[in-house]
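Listed here are the chains, written in short residue letters.
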Amino acid sequence: MNPIADRVLNRCQQLGAEDAELYVSRGTEFTVRIYKGEIESLISAESRGVGLRTFREHRVGFSYTSDTEPDALDGLVDEALLNGRYNHADEANVLPATEPAAFVSGLASPALSQTDPQRKIDFALEMEWRATTLDPRVRRVSDAVYSDGSGQVEIYNSRGLRAMYERTVAYGVLETIAERDSEMQSGFAFTHGRDMQELDLAGVVREAVENAAGLLGARPVPTARVPVVLHPHAAAMLLGVLASSFSAEAVIKGRSLLAGKIGEPVAAGIVTITDDALLPEGLASRPFDGEGVPSRRNDLIVNGVLQGYLHNTYTAVRTNGRSTGSAVRSYKNVPEVGVSNLVLKPGELSREALLARVDNGLHVSQLTGLNTVNPVSGEFSLGLTGHWIENGRLTKPVKELTVAGNVIALLQNVAAVANDLRFMFAGGFCGSPTVLIQELQVGGL
Amino acid sequence: MPLLDQSLVDSVIKRALRSGADFVELFVERKHNQSISVEESKVQRVSSGHDLGAGLRIIHRGTVSYVYTEDLSEGGLLKTADLAAQVGRRGGGRFAFGEMLGAPHAPQRIEVPPETVGAEAKIELLLEADQAARAVSGAIKQVAVGYGQSAQEVLVATSEGVRYSDARTRVRLMIHAVAERNGEIQTAMEAPGMQRGFEFFDDTSAAEYARAAAERATALLDAAPSPAGPMAVIVGNEFGGVLFHEACGHGLEADFVGKGSTVFAGKIGQAVASPIVTAVDDGTLASRWGTLAVDDEGVPTRRNVLIQDGVLVSYMYDRLRAGQQNHPVTGNGRRQSYQHLPIPRMTNTFIAAGAHSVEDIIAATPHGLYAKKLGAGQVDVTSGDFVFAVTEGYLVESGRIGRPVRGATIVGNGPRALHKIDMVGNDLKLAPGTCGKEGQGVPVSVGQPTIRISELTVGGTGVGPGGAMRQ
Chain A
2 MNPIADRVLN RCQQLGAEDA ELYVSRGTEF TVRIYKGEIE SLISAESRGV
52 GLRTFREHRV GFSYTSDTEP DALDGLVDEA LLNGRYNHAD EANVLPATEP
102 AAFVSGLASP ALSQTDPQRK IDFALEMEWR ATTLDPRVRR VSDAVYSDGS
152 GQVEIYNSRG LRAMYERTVA YGVLETIAER DSEMQSGFAF THGRDMQELD
202 LAGVVREAVE NAAGLLGARP VPTARVPVVL HPHAAAMLLG VLASSFSAEA
252 VIKGRSLLAG KIGEPVAAGI VTITDDALLP EGLASRPFDG EGVPSRRNDL
302 IVNGVLQGYL HNTYTAVRTN GRSTGSAVRS YKNVPEVGVS NLVLKPGELS
352 REALLARVDN GLHVSQLTGL NTVNPVSGEF SLGLTGHWIE NGRLTKPVKE
402 LTVAGNVIAL LQNVAAVAND LRFMFAGGFC GSPTVLIQEL QVGGL
Chain B
862 MPLLDQSLVD SVIKRALRSG ADFVELFVER KHNQSISVEE SKVQRVSSGH
912 DLGAGLRIIH RGTVSYVYTE DLSEGGLLKT ADLAAQVGRR GGGRFAFGEM
962 LGAPHAPQRI EVPPETVGAE AKIELLLEAD QAARAVSGAI KQVAVGYGQS
1012 AQEVLVATSE GVRYSDARTR VRLMIHAVAE RNGEIQTAME APGMQRGFEF
1062 FDDTSAAEYA RAAAERATAL LDAAPSPAGP MAVIVGNEFG GVLFHEACGH
1112 GLEADFVGKG STVFAGKIGQ AVASPIVTAV DDGTLASRWG TLAVDDEGVP
1162 TRRNVLIQDG VLVSYMYDRL RAGQQNHPVT GNGRRQSYQH LPIPRMTNTF
1212 IAAGAHSVED IIAATPHGLY AKKLGAGQVD VTSGDFVFAV TEGYLVESGR
1262 IGRPVRGATI VGNGPRALHK IDMVGNDLKL APGTCGKEGQ GVPVSVGQPT
1312 IRISELTVGG TGVGPGGAMR Q
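Residue numbers (this note's numbering), protein chains in the order written: chain A, 2 to 446; chain B, 862 to 1332.
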């Protein structure tokens, strides 16, 4: 057993904790930022930290530290127990029953640590160079970053749980500047995978360049109610906003749009949403959650009907349900309820066929201000950039517009989903295809 | 207790210099956090934690390498110094670094260190706020209140011999009220905070802030959906300053300027705003959320006028960009923690007070939106385009405040909006916030008096200006 866990759990027991759980996190980071063919900065580091939950008379105590010297570990125990004294007693505060989680292969790529750092630097250099040579309107890059990391999680508890996994992630981020006369537009794109070899260099360059150049000449248009097509990334970000409403914690606290709606139609019939922590291509996949409960696939909305909520051990006990393995946390936080890989199921239509259904409407490539959405009322009014759609084709670029509505009404107005599923980090690892919304209020001139 | 033994600091820097680096900097941080939350009128969580770590920055001819560690033992730090030296030998460019200027200020004075106050007193405060909010109206269905404190000590030591430290203690209250009627839900929040000790609560009433949040959430139940379209927008004081912070402030940070990725690059001495606009970033203000004795590079903070009477006067620099752009340092080099590189950041940023009272501004507006409180927002620094949520808004008709509206956002372009500011109020106030950039969050103040922008696009679900607006 880990000597840190040994020391901490023993002290918890000596000082009267009925139960205790130690979450140990270790990570590595490598980040290189390129500017004009030179390394602007390079970060290479290892870090670690531990978080402790104690249980005494159904009161939970919590404390964390990045200092793992013996004195600091003893202090960690004392502080957690002290904190616990103030918390209200709740019989739902328990550790989960210990259940072994199956090994999930492929989460950590051994190639990551074996790749020569110079090749990672070259990747970022190549990204920047290609981005400035693809289109005459794009001659500058404001950000070119390659970054990767590995994270190792260990959980030990007084019920005999000893669980560990490791996973890796790598990504490239590119932001270009397109210019014409005095106008400047930026274009952002990213690529991600479990190691450098999985990154799509050509794709990220093409997208960052197209996104910037395609916006040159963008103007607002008059206020209107029109059909709206969401690019997979814009749709995935909205899915990220909806994510908190699937949490049973949000339901219990009256902060979910979906409270009391199990078994009811909450979305159009073509909408199916799952949260699957075992999804092979999901970068948020893991064998078990932040409390050590084995991961599983959770159907949330099937053919428009709400199936259930996501639970950690606390919300499960409190509602006489079962944990869905949805405890999310870092060592600095207690386990809360959250999504892993949240996916809006793609349909059969190609993106082109979906666009062909729109004679006069708006294609949204990027939404801004998602942090302004009210997760309780579901009302949103977001800034956007994109293109006008005429007879199924993207025409003039538009900006300084808002699109407004309500998240629930939006779900009910989904008219079509395409087959071009794409993922991005938006709270969880969210995936969506291109989505057609029947009609939305667009605010402009 | 010093963060790190002086001789160990010296030997780590010496060790890292062996690689032939032009510059070495050691940043050591110790931080203690405590947070308490009350929900459903019960203490849900008391939690606390310690962060302790160091970051070592090495510059070889313009190339910056950074290594951080939680292992502050002699062996651990020397190993880190070796690693930093090893990853650092890749530079090819020219090296220049901003010179240190001025002497450090004293750290903020703390009368009652919050870590010396037991959790009982803090819980009492929260329960009082909870009750005050619930007493406002029967519509208040949920109240969540929280208390947070942090005490951060930093040490900056460089190969030039700089040895500066700072201590930053912050306390903050968070109140979130949810009102519900006939299935309709509205929320409001208040989050006052200062760089002070627990004495902050001697003159700050948690119950008053709680009532304000609960009253606003309740009032929003009667609000009509906001109309959409272009109109005059009066932006309220205090947190309304987030608009300037996001839409202009970031564009004045020297890293964006150096890359030419902001519309404000190359515009020093030019009129970038209406002549009634003066804007300042001031890291020296007593007790403010973004105040620092020295920044996270050890540079003493200053009052930096950014825009004077509409003319662009200065950008905000960290040492690296000051050196590259041949400009004196401004004390804006900041980082979230020892795990992050310092970059140019704002401290306390605000539009200076003008001549008009709020009443004058409203009376002078025939038709528009009074965005009394703004919520979150976002900006594209390159194009300057921004979007903000209006969390408390009213229609203004014939110089009078009309009915409340909900779900409004304002969108526009920062540089163009600056030119369209046609009235500046006399009610300057600052508010605390956390600013995010490149994945790093740092505490800042935003602020402004009430201002009027002659035209912005308002987004909302209501009928456009041709319809409901005239009713």
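Bear in mind the hints are in silico, worked out from the structure with no lab data behind them.
Quick caveat: nothing in here was measured; it's all calculated off a predicted structure.
Keep in mind that a hint or two might mislead.
Stated by the list, open to error - Quick look at which bits of chain B chain A covers, simulated, 3 or more residues with Cβ under 8 angstroms:
no., stretch
1, 905-913
2, 1066-1072
3, 1244-1251
Claimed, not checked - In silico BS3-like pairs for lysine-lysine, Cα to Cα no more than 30 angstroms straight-line:
no., chain 1, residue 1, chain 2, residue 2
4, B, Lys-1298, A, Lys-37
5, B, Lys-1128, A, Lys-254
6, B, Lys-1281, A, Lys-333
7, A, Lys-262, B, Lys-1298
8, A, Lys-333, B, Lys-1128
9, B, Lys-1002, A, Lys-37
10, B, Lys-1002, A, Lys-254
11, B, Lys-903, A, Lys-333
12, B, Lys-903, B, Lys-1128
13, B, Lys-1002, A, Lys-397
14, B, Lys-1281, A, Lys-397
15, B, Lys-903, A, Lys-262
Unchecked claim - Examples of chain B residues toward chain A, derived with CB under 8 angstroms:
no., residue
16, Tyr-927
17, Glu-931
18, Glu-935
19, Gly-1121
20, Gln-1169
In this text, a Cβ means the ideal position worked out from N, Cα and C, and glycines have one as well.
Outcome of the hint check:
1. For the stretch 905-913 of chain B, the assignment as covered by chain A holds, since 9 residues bring a beta-carbon within under 8 angstroms of that chain's beta-carbons and 3 suffice.
2. A stretch counts as covered by a chain when three or more of its residues have a beta carbon under 8 angstroms from one of that chain; for the stretch 1066-1072 of chain B and chain A the count is 0, and the coverage is violated.
3. For the stretch 1244-1251 of chain B, the stated coverage by chain A is satisfied: 6 residues place a CB nearer than 8 angstroms to a CB of that chain, which reaches the threshold of 3.
4. Restraint check for Lys-1298/B and Lys-37/A: the C-alpha separation of about 21 angstroms stays at or below 30 angstroms, so the hint holds.
5. Our distance criterion of 30 angstroms between C-alpha atoms is broken by Lys-1128/B and Lys-254/A, whose separation comes to about 50 angstroms.
6. Note on Lys-1281/B and Lys-333/A: the hinted pairing is violated, with a Cα-Cα distance of about 45 angstroms set against a maximum of 30 angstroms.
7. Distance check on the hinted pair: Lys-262/A and Lys-1298/B sit about 38 angstroms apart at the alpha-carbon level, beyond 30 angstroms; violated.
8. The hinted pair formed by Lys-333/A and Lys-1128/B fails the criterion: a straight-line CA distance of about 43 angstroms is larger than 30 angstroms.
9. Between the alpha carbons of Lys-1002/B and Lys-37/A the distance comes to roughly 55 angstroms, so the proposed pair goes past 30 angstroms and is violated.
10. Distance hint between Lys-1002/B and Lys-254/A is fulfilled; the C-alpha atoms sit about 10 angstroms from each other, no more than 30 angstroms.
11. Annotation: proposed proximity of Lys-903/B to Lys-333/A holds, straight-line Cα distance about 22 angstroms (limit 30 angstroms).
12. Between Lys-903/B and Lys-1128/B the alpha-carbon distance is near 54 angstroms, which puts this suggested pair outside the 30 angstroms criterion.
13. Under the criterion of a C-alpha separation no larger than 30 angstroms, the hint pairing Lys-1002/B with Lys-397/A is inconsistent with the structure, at around 46 angstroms.
14. Between Lys-1281/B and Lys-397/A the alpha-carbon distance is near 27 angstroms, which keeps this suggested pair within the 30 angstroms criterion.
15. Taking the CA atoms of Lys-903/B and Lys-262/A, the gap is about 27 angstroms. The hint holds against a cut of 30 angstroms.
16. Annotation: Tyr-927/B was flagged as interfacial toward chain A, and the flag holds, the nearest CB pair being 5 angstroms apart, inside 8 angstroms.
17. Contact between Glu-931/B and chain A, as hinted, is supported at the beta carbon level, the nearest pair being about 5 angstroms apart and thus within 8 angstroms.
18. Among the interface hints, the one on Glu-935/B is violated; its C-beta lies about 13 angstroms from the nearest C-beta in chain A, farther than the 8 angstroms criterion.
19. Hint status for Gly-1121/B: holds, given a least beta-carbon distance of 7 angstroms to chain A, under 8 angstroms.
20. Contact between Gln-1169/B and chain A, as hinted, is not supported at the beta carbon level, the nearest pair being about 24 angstroms apart and thus beyond 8 angstroms.
Hints 2, 5, 6, 7, 8, 9, 12, 13, 18 and 20, counting from the list given before, are not met by this structure.
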